[in-house]
Each structure stands twice: as structure tokens, then as C-alpha cells.
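Enquirer: Here the protein sequences come in this chain order: A and B. Note that the working numbering has the first sequence beginning at 16, numbered continuously upward. Note that the working numbering has the second sequence beginning at 652, numbered continuously upward.
Hint data in this document are derived by calculation from the structure and do not stem from the laboratory. Treat each hint with caution, since some may be false.
Simulated crosslink set (DSS-like; lysine-lysine; CA at most 30 angstroms straight-line) [said to hold, decoys possible]: (1) K1031/B x K137/A; (2) K695/B x K137/A; (3) K899/B x K784/B; (4) K148/A x K748/B; (5) K749/B x K739/B.
A few chain B positions that, by computed beta-carbon distances, are all more than 10 angstroms from chain A [stated by the list, open to error]: (6) T799; (7) K863; (8) M949.
Partial pick of chain A residues on the chain B-facing surface, computed with a CB cut under 7 angstroms [to be verified]: (9) R106; (10) P131; (11) Q203.
In this text, all values refer to a predicted model and were calculated from it rather than measured experimentally. Quick reminder that beta carbons are idealized off the backbone N, C-alpha and C, glycines included.
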Amino acid sequence: MTIEIALEAKNIIKTYSRGSEHVNAVNGISVTLNKGEFVSFMGPSGSGKTTLINILGCLDNPTQGTLTVANQPVFTSGKPLAETNLTLLRRALFGYIFQRFYLIPTLTVTENIILPLTFYRKTGTHDAVGLMKLLGIEHRSNHLPGELSGGEMQRVAIARALINQPEILLADEPTGNLDSQRSEEIGQILKQLNKTKGITVIMVTHNQELACISDRTIHLRDGIIKD
Amino acid sequence: MKIYQIAYKNLLRKKTRTLLTILGISLSSWVLVSLLGFNKGYEKSLSRDIDQLGFQVLLTAKGCPYEAATLMLKGGTGLKYMDEAVLKQVESYPEVKKVTAMIMHGVFDPNKGQSGGVSAYLGIDPKTYPNLKQYVKFKQGAWFTGATLNEAVLGYEAAELEQREIGDLILVPGTNLELKVVGILQRTGSQDDGTIFVPKQFIQEKFGLKGKITGIGIQVKQKDNITKFEDKLYKLPDVQVVSLAQVKETIMNLVATARVLVLSIAVIAILIAMLGVVNTILMSVFERFQEIGILKSMGAMPLDIFKMIWTETIILCSIGGVVGNLLALGLSIVTDTLIRQILPYTPSGRLVVIDAQLSLTTLVIIICIGIISGIYPAWKAATIRPLESMRSEGA
Ligand SMILES: Nc1ncnc2c1ncn2[C@@H]1O[C@H](COP(=O)(O)OP(=O)(O)OP(=O)(O)O)[C@@H](O)[C@H]1O
Ligand SMILES: [Mg+2]
């Protein structure tokens, strides 16, 4: 069985400048993620986790380095694709989940889930009901986000990230706002999606137990990978 | 889900703010519609008033104030007289089609209104006057029979005021003269409504004004070379020529000056409403910074976001424009009354006329304003990067 590469980053550097002060939030990271892999990033606060996964998710430009996603060069020596092409790539490949769920408060659960289809409809099925069933929120379909618990909101956000059947799911502290039991449930959902649908999952977490469910855990400190 | 649906739901988020913004647009479009409607209505009413006079040129005695026409239109006193012999001379001009002599007389009536008022009696020539005023229709009766001089034809409102039917008698206030009502006119919407018409000779004889008249109405054959003809009339001794076209122009110019003022107020109101729209939408864009970033990470293109925010602005302005139009339509009577109190002379009939074309025009103007004021906030939103959402996460 050949292992396919989902994403390959080489020597990524991200420098933030504030006046004469320069901070290398990511200071030369190379990492290769295989298709269908479940990888988690851990590390202390400020170690560059968010910065790195935003670059891996094509949401942010590195200062230097090369990124290839699904065999397409995204950043070559720090030079990004045109913004339009980045959008095209993002919506074709990625689904994003955030610590704060960012649901649209005026839209119902169902409407929030199908919202991405307003802008982009990948060929294939878009089964909002199926996703709600899978995530155990079908009884909430007509509720507004304000009427849901945190765990339920994150499930809605996951369903929204999945509606266009992404190949890679990016999750930056998806359980950061949830208690341990809800965190565990969300972790199980991600694991299940990874196993049954073969979605590549990249997750940032502070939670050791959550990191344990992943295939591989990468520890960061001061912008570099610590073995 | 369509982009306009998302836009619509976004507006429902801050209902009070949305409502206030719509209110601002409504009020300014109300002002705009009323103003444009006023101009249209006023000119129409004025033209009709003047056309219904049946003559294009009025000769009055010299020294009569320039507003003689206004006096005639409103009916009043302080009149100067000229010799009836002028009539013969005017008749001899080839440009003249029809001509009629009139004598206006005002009588103070202590019972009129709260503190008394002037009743206007217009002495007319029963042979020529009806000829000039062919459009006049009678509700009851007809012009004078000629049996006696003591006959009167009442304008619609005069008859209502005096509560007279045909065959009734009316007493000329301050005298012992009685007039028999032989006809009552239909409502015309002009100053005729309030006038009491009597035979010219009645006034000349009973008020010691033999051989005197206050005005000569002239209908010309061709309305085009009227100025040349007017120059000719000026050569007559002791007369003043009042061109009704000129009167109309003078009044319209006066009104235009006032209108420019009001128009600038309307423009300012619209600019303020526009700023209100920009402010509202911009505020909601900033509030939704993260959300818009998320939409972008979902795959929304800048154009999608632009459309969404733009639609919000256009929805606001469209609703505001429609409400403003409805306000203007519903309250046009109120606007009418208000204008009547401000302007020195107002023609009878509707002053504010709002038709479909006008409504549509202003609606288009308001929507264009929406389109323009939406550009900046929409562009601002379209350029938000997907990352902004997460950047502010820690903050
Ligand atoms: N937009 C920015 N401008 C300047 N400096 C930044 C910016 N974003 C992050 N940094 C800095 O980069 C470093 C890494 O930040 P990052 O958010 O990637 O850390 P993190 O590992 O995700 O931390 P946390 O666990 O608290 O989320 C920090 O020192 C941070 O102050
Ligand atoms: Mg972080």
C-alpha cells in the first residue's frame, strides 16, 4: 500500500514584526502529513501552534518556506498563490473548526450547516440531515445557535465544516470552550470521521487525553518541533 | 440559501438599528417625493387657474398694483377704474379674438367669517363673458335672463356659504339691494367657486360707477405672438397690461426660489440619511469581522461578500424609499395644508401631486443612493481576510 501525502511543509518560518522587534512565531518547521492521518499539535501557549496550522490550512502566508497541498504548490519560498486561487484551494480541500464556533446567530442549525453551499457546492452529495444524525443534533435542526449548548454548537460547526466533504479537517482547539466530557465526545466524533470517511485531521489542543486519540502528536516549543 | 436571504437575516439582527436607519431614509425620501410632487402639482394648478380665466391678457387701470392679477384671482378691493370706452378700441385690434369688460366690486360683509370679510362681486357682461368662459358648467340654472339687473350667478362655494338655491334672494351687505339667484356653477377648483357674478350694469348703476370698469379680459387669436400684441396694448392711455403667462412665470419664479431652498434641505436630508446607511452598514461589518472571515474560509469569494453587504444596503434603501413614498402619498393632504400656510399665494386644487412616475423616479433615486452608499462598506467587507477571524480570537 502506497502512502499518499496530504500536505508537505518545508522549513516554514513566520516572522511577526512590531516596530524593530521581530518574533519568529514559527521558526523553521518541516512536516509531512499523510492522507487519512490524524495529527495533533501540542505545546505551551505562544509556541506557534495557531500560526503553524493557519499556514498549513492556507489561511495565512508564511514569511519563508514551501507548502504543497494535494501535490499543488501553495507557497513557494514564502510566495503564495493568488488570493482567488487560495480560496478555490481552501474550499475544495479544507474544512475548518475553531475554538469559538462562529455560527451565524440569525440562522438555524440547518441553515448554518448548509451555509457554505451558498458560496460553493462541491460535486457529490450534501447531506445535512445525515450529518446532523451522525453528530446527534438532528433534534436541534430548527433551533438557533443561541439555544444550544457549547457541545452542540461545536457539533454544528463540525457539520458545517463537513458539508462540502473536505479532505482535510483543521481544528484549532476545538474543545477549548468545552468541559471534559463534551471534549471527549467531540474527540470521538473527529476520530470516527477520520476512521470512517478517511478525512485527514489536523488538530491543535492543550488536552493530553484528547491528543492521545490521534495517530501522531507533534510537540511545539518556541516555534520549532521538539522531539 | 441565497445571498440575499443571508443579507435579509443579517438586517434582522439589530432590529432597532435597522428600523432607525429605514426611518431616516423614509423621512428624507418623503421630503423628496413631496417636494417634487409639489412642483408638479403647483404648476398644474396654477396653469389651470389661469387657463380657466378664459383670457390670456388682462387690461387694468394704470396704478393698479402689479399683483392685479392676484387681486383678480383672489377677489379683492382697492381697485382702480378705467373708462369703458377703451373696450371699443381693444375690440378693433386684429389680434383679438374675444374680449369682455369686467367690474370688480368688494363689499364688506360683517357676517362673513369671524370678524367679517370682503365679498367679491364680479360684474360681467352677459353677452360676452359666457363666450370666453365656455367651459363653465352649471349645477343649477343658467346665466342671467336679462329680465332685471338684480340677478346673480353663484360660484359653487359661494352658494354653499350663502346656503342659497336657485330662485332664492340674497342681500348685498350694507345695502338694501337684493339679488335673485338664477344660476349656480359647478365646482371648478378655481377662484370662480367663491365669486358672486352679477350683470356689469348692476354694479355700474347701483354703486355710481357708470361707464367705469376694472378690467378687460382679452382672448387672443394666436397665443404665440402675444408679446408683440402686449407692446401694442401698452400704447393705450392709462392702462396696464397684465400678461397672465407673465404672471404665471413670476409666481413660478417666486416658488422656484423657495423650492431651491427646500430642495437643498432635502438634499442635505438625503446626504444625512446616506451617511446613516453607510454608518449602519459599516458598523455591522465591523461587528461581523470574524463572521465574515469565517464565510471566507468557507469558500466565499470577495465578490460574494461584496454582494451580501451591498444587498443589505439596497434592502434598507428600498424599504425606506417605499415607506417614504407611502408617507408622502398618505400625508399629501397634510403637506398641502402646510404649504398653503407658508406660501403667500397658492392656486386652488391639489398642490402636491404624486403620480406613479414620480414615485418610481424617487424610488430609483433612493435605491441609487443605496447602491452608492453600499459600495464602501461592501468593499471593506470583501477585503477582510479569512484569518482576521482567528487573529482576534485571543483578543
Ligand atoms: N498577528 C500577530 N502579530 C504579532 N504577533 C503575533 C501574531 N499572532 C501571533 N503572534 C505571536 O506569535 C507567537 C505564537 O502565537 P500563536 O498564536 O501561534 O501561539 P499558540 O501556540 O497558538 O498559543 P495559544 O496556545 O495561546 O493559542 C506568540 O508569541 C504571539 O504573540
Ligand atoms: Mg492558538
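Enquirer: Are the hints correct? Go through all of them and say.
Expert: Comparing the hints with the structure gives:
1. Of the supplied pair hints, the one linking K1031/B and K137/A holds, its CA atoms being roughly 28 angstroms apart against a limit of 30 angstroms.
2. Our distance criterion of 30 angstroms between C-alpha atoms is broken by K695/B and K137/A, whose separation comes to about 61 angstroms.
3. Distance check on the hinted pair: K899/B and K784/B sit about 19 angstroms apart at the alpha-carbon level, within 30 angstroms; holds.
4. Taking the CA atoms of K148/A and K748/B, the gap is near 92 angstroms; set against the 30 angstroms cutoff, the hint is violated.
5. Between K749/B and K739/B the CA atoms are separated by roughly 12 angstroms; this keeps the pair inside 30 angstroms, and the hint holds.
6. The Cβ of T799/B lies farther than 10 angstroms from every Cβ of chain A, with a closest approach of about 83 angstroms, so its non-interface assignment holds.
7. A cut-off of 10 angstroms between C-beta atoms confirms that K863/B is not in contact with chain A; the least separation is 81 angstroms.
8. At roughly 4 angstroms from the closest C-beta of chain A, the C-beta of M949/B falls inside 10 angstroms, breaking its exclusion from the interface.
9. Taking 7 angstroms as the C-beta contact cut-off toward chain B, the hint placing R106/A at the interface holds, the least distance being around 3 angstroms.
10. At about 4 angstroms, the closest approach between the beta carbon of P131/A and any beta carbon in chain B falls short of 7 angstroms, and the interface hint on this residue holds.
11. At a threshold of 7 angstroms, the smallest CB-CB gap from Q203/A to chain B is about 25 angstroms, leaving the interface hint violated.
Figure legend: structure checked against the earlier numbered hints; hints not met, in rising order: 2, 4, 8, 11.
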